[in-house]
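Peer 1: Residue numbers (my numbering), protein chains in the order written: chain A, 388 to 863; chain B, 8 to 226.
A couple of the hints might just be wrong.
Partner residues aside, some chain B positions facing chain A, computed with beta carbon under 8 Å [what the hints assert, rightly or not]:
#1 T12
#2 T50
#3 E52
#4 S188
#5 C189
Quick caveat, the hints were computed from the structure, so don't treat them as lab data. Using N, Cα and C, we set each Cβ at its ideal position, and we do this for glycine too.
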Amino acid sequence: MAAIATRDFRARAAAAAGDTALHRKLDAASLRFLDKRARVFAALPDADARRDRARAVKAHAIATLDTLLPELERRFTANGGIVHWARDGAAACAIVLDIAARAGVRLVVKGKSMVSEEIGLNACLEAAGIEAVETDLGEYIVQLAGEPPSHIITPAIHLSQDDVAALFTARLGEPLHSTAEALTAAARRLLRAKFRAAGMGVTGVNFASAESGTLVVVENEGNGRMALTLPRVHVALMGIEKLVARDEDFAPMLELLPRSATGQTLTSYVSLVTGPRRNDEIDGPEAVHLVLLDNGRTRLLADPIMREALYCLRCGACLNACPVYRRIGGHAYGYAYSGPIGAVIAPALLGIERVPDLPFASTLCGACRDVCPVRIDIPRLLLAWRARIAAAVPRAWGERLLVRGWRWIAWSPRLYRALTPIVRAGSALVARIPALARLAPPLAAWRRGRELPRAAPRSFHERWRDRRHGTDPDAP
Amino acid sequence: MPRETILNAVRAALAGDRVPPLAPIAAGAADALDGAALAVRFTHEARAVGTIVHEVGSRAAAVDTLVAILDAAAPAPRVVAWPTALARELATAAVARIAGADLRLVERATPADAIAQADLGITEADFLVAESGTLVLRARGRARTVSLLPPTHVAVVGRERLVADLGAALARVRAMADRDSCLTLITGPSRTADIEKKLVVGVHGPCTLHVVLLERVEA
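Here chain A stands alone, though its shape is the one from the complex (with noise of 0.2 Å):
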């Protein structure tokens, strides 16, 4: 993981809101992703019923974690797994990395986990001496270019199969100008030596159940499989949010997570673990760890009004949604969390002091909310953490004045119908001379990269009234 960057993000994203060859490399991929997704969601017929279900799973999970969580530790015990708590990142590295000491392990082959980012694990690793080796082809690009992934499933959207050629290339001595067959065909190649000779795989968790105490996994390359499968040590990362109470849950989950995040009706792979291999199994482990990780969840377990982000599933379909960040990409953002889930989470996981941008990086055009599979209202969330960002950090002045301007006008109809005129003419007299605009340095500074918009002819007031009296000459 780079450096969390949160507070870069208002120079990030103005360098990537020019970067044209990024614009189509975004749109390219979640364009394609919302169109898969809204061909299988229409071909349920029980979408709506469905997406309440799993929303209604995991509320009830998330409001009964006191129990759960003691329940999963008791079952997964009991499977012969080991469970570990981690307070923050730091803590969960120095858990992975003890046992790692203790096993003796060199090298470590990851499946995907977005957890790992979020802690930063293979620099923790790295730091210690042991090789960490990311086995999704996205990450393992990613990791190559020395980049943070930059989507929550594709976590190499922003390179084209050129940028990918070239980086193998450069860094693996494979032929130029490889097609994306060939450059998989390699990572099979290399990867493979790895995943036989390492000591321990680390994977993520999309779900578990306190019930039976079972960690399932979702991945379509197999790499997950091989890491929780061929290596003598399984660790296993988890978010305390990513419980469900009763194995039936599974079922109903798995049957979102895939339509929402990649169009599909199941991945290719799903693990259900429970433990480490069992006398009468013949392959498999001999350890599985559990890491639970706080860093940040109980906080927003314990607002009210945040509490919902954590029914996130991390399918990414609010990312390939949103326009704004089909503009920026998801290094922008400068955190393992990019979009518009991202833009809510990060402020509780890391502090409102160090995220004062990112809940600002929306339309509230609702696009998120709309294709989320547990409907969490993301737009609702975002206009709160701007509210108390407003409350505690001070906004620049000249925003402040605008928004201080704005609420006396708009709440007096006198003025607000006596300066419309004025703002009317204002604003066509900066269209025909946009040089005016430098009087005035915040609307100068807002119109870098902005068309100011002109005012319409006729205000809403106005048509109102002339419709009312049959006399609208724009009426149909």
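With chain A held as given, fit chain B onto it using these hints.
Peer 2: For chain B alone, kept in the frame of chain A given last:
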């Protein structure tokens, strides 16, 4: 103690919350389908994700199909197979018909390298999920790597193992007395779309997945 700190924070956050019980998950509409209709649905969904489904009427036809798959996979194919009754019988009969073919029944701990060098792995699905074209594989007495390391995976299974949806399959597994350390769901070959959304099969797991679906398993 981080455990107590986290649990105390959770308890404090939830203090005073009243939580209504969760309703049981109702069975899906596909439950009403009979065996033949489930087979049609399974075959349709599995083919849609790139699984090659062979519907056969008898054991003899299943062996013929396996021989054809083995012939196409490699000259003198090296085969690893589960020791379950149906997989053992069909694999043994098919391999016996191919000159130079080698069969290894994986009954005890076997180096992963030996399984990885096989051209083909044969397993037996415990259940088939019609709604998603999914194979459900248990781990007890069955090497997980047989369905993972060789470039081709063939699952043999009788129609009576078909269930309507994932919920029904997982309920059937839960009803079994013994628990495995790992249950694997497989829906199509290993795949990725990480480079420009281009679909590529055979990333880390098998490039090719066959299902030999027998109408009747009893002789």
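Peer 1: Next, verify each hint and record whether it holds.
Peer 2: Against the structure, the hints:
Against a cut-off of 8 Å between C-beta atoms, the interface hint on B:T12 holds, since the closest Cβ of chain A lies about 6 Å away. Using the Cβ-Cβ criterion of 8 Å, the hint placing B:T50 at the interface with chain A is not satisfied: the shortest such distance is roughly 14 Å. Look at B:E52: its Cβ gets to within about 7 Å of chain A, closer than 8 Å, so that hint holds up. The beta carbon of B:S188 is positioned within 8 Å of a beta carbon in chain A (closest approach about 5 Å), and the interface hint is therefore held.
Hint on B:C189 holds. Least Cβ distance to chain A is approximately 5 Å, under the 8 Å limit.
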